[in-house]
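Just so you know, the sequences run in chain order U and H. Residues 1 to 406 (my numbering) are what the first sequence spells out, left to right. Residues 407 to 582 (my numbering) are what the second sequence spells out, left to right.
Derived by calculation from the structure, the hints in this document are not laboratory data. Among the clues, some could well be false.
No farther apart than 35 Å at their CA atoms in a straight line, the calculated lysine-lysine pairs in the DSBU-like style are these [as the list claims (entries may be wrong)]: (1) U/K335 with H/K476; (2) H/K444 with U/K117; (3) U/K333 with H/K429; (4) U/K303 with U/K285; (5) H/K472 with U/K335.
Remember, predicted model here, so these are calculated numbers, not experimental data.
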Amino acid sequence: MAHSVSSTVSSSSAAPAKTLLLPGEQRPPDVHIDVRTQELQINMGPQHPSTHGVLRVAIWVDGEIVTRAEPDIGYLHRCAEKIGESVSCIQYVPYTDRYDYLAAMNNNLGYCLAVEKVAEVEVPEKAQYIRVAAVELNRIASHLMAVGTYGLDLGAFTPFFYAFREREEILRLLEWICGARLTYNFIRIGGVMRDMPAGWVEDVRKFLDVFEQRLDEFNDLLTHNHIFVARTANVGVISPEMALQYGLTGPNLRGSGLRYDLRREQPYLMYDRFTFDVPVGTGIKGTVGDCWDRYWVRMLEMKESARIVRQALDQMPATGEIMAKNVRHLAFKSKAGEGYFGIENPRGELGYYVISDGGANSYRSRIRAPSFCNLSILEAILPGTMLADAVAIIGSIDIVLGEVDR
Amino acid sequence: MTTAEAVEQLKKDGFGDGVELWKGPKDETIVVARDRAKKLLAHLRDGRAFACDLLVMVTGTHMTEKKDAKGVLVREAGFEVVWHLRSVTQHHLIAVKCKLPPDDPRVDSVSDLWAAADWHERETWDLVGIRFTGHPNLRRILLPEGWEGHPLRKDYAYPKEFQGINLEVDAPWPTP
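Generate coordinates for the entire structure from the input sequences, incorporating the hints supplied.
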């Protein structure tokens, strides 16, 4: 491909007033530069600071424009579904933490809800409220990670630390309740692992009281920053039809304007008892469905999650069981049957399809990972963008390779 | 719309005896024969009463034969493909199931109906070995190219070595 760039100096008499010529020097001759570009295949990943994990995107570029992109996954494949058939349902819960390791409570929850559906286990009310509090706190932590590292991808180093300051506080609270910072194994089949320790509720409320101001601080740093807006507005626009075709869910779908949230569609846990809004992208800074909209939906969702946690802590009964009575942990047997349960993960619809034949192990446990489906849109959306925009788009989809590859 | 109502509507729409309702447990599922599966799924996507515009996932399972204590067949040998569909406008979730024979696991691809099916079908081919006819790019997605076998089959034998690396668990450490 040949691009002819010719730089000609105008030879008319309307020359600029000041020409940098020494006395007696002649004007240099006209220069023609012939620039030829070739299509070049480069690898983005699997080791790359901006791909959020071991993702390889084979990109074919012509100059600066991407002509073809092919995500190549499987670097983190850990045989999750095969293990689901080899260990018992109770033993499988810690494995579920490790798929979307940034929102591990949600992973635990999805699996436990699916197994509880098939085995017909009734979870006590207090356990459900504790589950909601844990899951929404984890949603805030996950979104903080997403927006912090998104700024980092685009070169904004400071907001990352502000996001992580809040995230550290949440991780401290979650470590207090279950002992682990990232892979909790807290939500078990039939309830939760243990009751909230004394003082936990007060500390959560203290955190929520300062959280909104901290979000405003973050907004001042990143959200309305000219450079950030220039790099994300009108970039990677996904129309709602395309989003539905590619199976996008969660903030990616809501960023394109569709108000679809599983917490509203099929309220699980106690979500029908809470008041919260479902934010959608409206194209304030650019077009509906651009990267900025997806980022803004995540920011607004954090505020809504804080509201939900407050309501959950207010409505929680003071006393109650935290584990179902008829779950015998050392000899848990599910009932024969199959069931699908989808929940709203921070990244989209996380679903577990469990087929059980009445034994301790499930016959098949298939995980519908939201990042797996969200990632498939890259093939369609990257061609035509510039290479720097590719980084912005991949970051705005917010993938976690643990659940893409399982 | 519940699945039972969906089956009633489908029978009226011309599918007649080609669709059946499986009552679970736990999830009610529409069971369809292999040769009418794609037609049914297209109707579920385009029919105004169903409007299933979001393909949630495609699952493949390898089923082995199972008889209960009295010798009655509880589970047939073969493969099963389940499509889960959601509708954003009609607010429902519909599961469609299709049983495939054990020696010929083929079914039509729906990647031209929903682009999301592309990767789901590649993963099902990769791990379970169900071939989706008409898929534009059916190759391995999670496992490396050159991997032999389909791991999620119940009769999968773990390979002894891959590309020169010894994979046996009890093999002695290689001498330096």
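These are the hints, each one checked on the structure:
Distance restraint check for U/K335 and H/K476: the Cα-Cα separation of roughly 19 Å lies within the 35 Å cut-off, and the hinted pair is therefore satisfied. Taken as a hint, the H/K444 and U/K117 pair is honoured in the structure, with Cα atoms around 29 Å apart against an allowance of 35 Å. For the hint pairing U/K333 with H/K429, the CA-to-CA distance comes to about 22 Å; that is within 35 Å, so the pair holds. A hinted pair counts as satisfied when its Cα atoms are at most 35 Å apart, and U/K303 with U/K285 qualifies at roughly 20 Å.
For the hint pairing H/K472 with U/K335, the CA-to-CA distance comes to about 16 Å; that is within 35 Å, so the pair holds.
Checked against the numbered hints listed earlier, the structure breaks none of them; every hint is satisfied.
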